[in-house]
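Undergrad: Each chain, letter by letter, is given below.
Protein chains: 2
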Amino acid sequence: MKQAIAARTDIGMGTGKLAAQVAHASLKAYENAGPDAQREWKAGGQKKVVLKVKSENDLFELAEQARREGLPHAVIRDAGHTQLDPGTVTALAVGPARDNLVDRVTGDLSLF
Amino acid sequence: MKQAIAARTDIGMGTGKLAAQVAHASLKAYENAGPDAQREWKAGGQKKVVLKVKSENDLFELAEQARREGLPHAVIRDAGHTQLDPGTVTALAVGPARDNLVDRVTGDLSLF
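Chains as they are written, first to last, in the numbering used here: chain A, 203 to 314; chain B, 203 to 314.
Simulated from the structure, these hints should not be mistaken for lab results. Hints may contain errors.
Copies of the same chain are indistinguishable here, so a pair counts whether it falls within one copy or spans any two.
Derived pair list, reagent style DSBU-like, types lysine-lysine, alpha-carbon separation capped at 30 Å [to be verified]:
1) LYS254 / LYS230
2) LYS254 / LYS244
3) LYS230 / LYS244
4) LYS230 / LYS249
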């Protein structure tokens, strides 16, 4: 079981901003998962990988794939109080789900 | 309502590593919070701030303060599969709780 979180590389987020967006995405996708997936993932140490996605367009395509695969996922838009314009899409989390299912969606992205 | 997550600056975590540790801490402290705090925080957009802490020692002192204040919190140790030695303490999350209570613990740290 794992969760993959893809953060955009094309909007110049600072380290702390990026970490906060990844955490938002992680929690929101986690809450969209069923209780069995939640439990299994936590029992295995809640494995997370943070990946790079290069554009809003790519991010939405991955979100659409996650939807088609029936995987828990969440797209995050920034409130825009700092650094970014309000509503900027920043991150996508996919899972927790089985590794091979998550990889179907995010397997081509590189590690952050 | 907010949650503050302090990540260590003295162990050379890369951006993706740091984001994953912050997300672990965030989720774990969230699960240690009561249902009212969880609900209220999410209704307000799950505000998160990511802060710098300069040593393991400082991190443990803040965790101890959070404990004394009765605030939900979580200390994260890395499994050490990559980059860090197994068991390295990486991050502390405090809250969700009222802003002024969180600030009692983490108010002196600077933004990441």
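Undergrad: If a hint holds in the structure, say so; if it doesn't, say that too.
TA: Going through the hints against the structure:
{"no.": "1", "hint": "LYS254 / LYS230", "verdict": "both (19 Å within a copy, 24 Å between copies)"}
{"no.": "2", "hint": "LYS254 / LYS244", "verdict": "both (24 Å within a copy, 26 Å between copies)"}
{"no.": "3", "hint": "LYS230 / LYS244", "verdict": "both (15 Å within a copy, 10 Å between copies)"}
{"no.": "4", "hint": "LYS230 / LYS249", "verdict": "both (16 Å within a copy, 13 Å between copies)"}
When the structure is compared with the earlier hints, no violation turns up for any of them.
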